[in-house]
Amino acid sequence: EPEVTQTPSHQVTQMGQEVILRCVPISNHLYFYWYRQILGQKVEFLVSFYNNEISEKSEIFDDQFSVERPDGSNFTLKIRSTKLEDSAMYFCASSEGTSGNEQFFGPGTRLTVL
Amino acid sequence: AQRVTQPEKLLSVFKGAPVELKCNYSYSGSPELFWYVQYSRQRLQLLLRHISRESIKGFTADLNKGETSFHLKKPFAQEEDSAMYYCAGETSGSRLTFGEGTQLTVNP
Chain A
1 EPEVTQTPSH
11 QVTQMGQEVI
21 LRCVPISNHL
31 YFYWYRQILG
41 QKVEFLVSFY
51 NNEISEKSEI
61 FDDQFSVERP
71 DGSNFTLKIR
81 STKLEDSAMY
91 FCASSEGTSG
101 NEQFFGPGTR
111 LTVL
Chain B
1 AQRVTQPEKL
11 LSVFKGAPVE
21 LKCNYSYSGS
31 PELFWYVQYS
41 RQRLQLLLRH
51 ISRESIKGFT
61 ADLNKGETSF
71 HLKKPFAQEE
81 DSAMYYCAGE
91 TSGSRLTFGE
101 GTQLTVNP
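Chains A and B are the protein sequences, given in the same order. With the numbering used here as the guide, the letters of the first sequence map in order to residues 1 to 114. With the numbering used here as the guide, the letters of the second sequence map in order to residues 1 to 108.
Read the hints as simulated data drawn from the structure, not as lab findings. Treat the hints with care, since some could be wrong.
Once the Cα atoms are required to be at most 25 Å apart in a straight line, the calculated DSS-like pairs of lysine-lysine come out as [stated by the list, open to error]: (1) B:K9 <-> B:K57; (2) B:K73 <-> B:K9; (3) B:K73 <-> A:K83; (4) B:K15 <-> B:K65; (5) A:K42 <-> A:K83; (6) B:K73 <-> B:K57; (7) B:K57 <-> B:K22; (8) A:K78 <-> A:K42; (9) A:K42 <-> B:K65; (10) B:K22 <-> A:K42; (11) B:K9 <-> A:K42; (12) B:K22 <-> B:K9.
Excised from the complex, chain A in its bound form (with noise of 0.2 Å):
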């Protein structure tokens, strides 16, 4: 069965340097999607992004952050100048449709910010 998939699965890096984290969706899926879930607290939306641009943004997904499908099949989350606050799991997933359609996630990435 078709799975999302997401590299690394934990990634340690110093405040203030680039990360990116990796995505690759399930192949025949048009929707893609960031969460995160801070530890102890709940999963939060960042964004959506369909036909590649952004279709949706959380005021979390500021200047900071920036989704790209560079490839048919990767879709990256990059945080640009981490900060401690951005310590978290970071959550891939993707759709076939929207509006009731299912979210199938991946594993996840967890992030720690030094």
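Chain A is already provided as a structure; the job is to place chain B on it using the hints.
Same frame as chain A, but now just chain B:
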């Protein structure tokens, strides 16, 4: 603002007992509502959605618009049901808004 709340962080029941995980929502319009589950060391996965009105692994959830609730129920809990359960609502833009999650433990 769209909001989903799960009042219980932890819920513990014995095998064979009924279980109900509570979820309340605050949405304008008609939300799409889901239950996602995360078993130990596994990824988040969809358990069920209100639009399908289905029963998965013996779980059901009914949307109660009057009480703005979408509680998850199972008449006889099994040990393999132990997991983290998240209620989530979807806006028109497909953004999922998650509740805090309820850790269900089913004791033998």
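For which of the previously enumerated hints does the structure constitute a violation, in increasing order of number?
Hints 3, 4 are the ones this structure does not satisfy, whereas the remaining hints hold.
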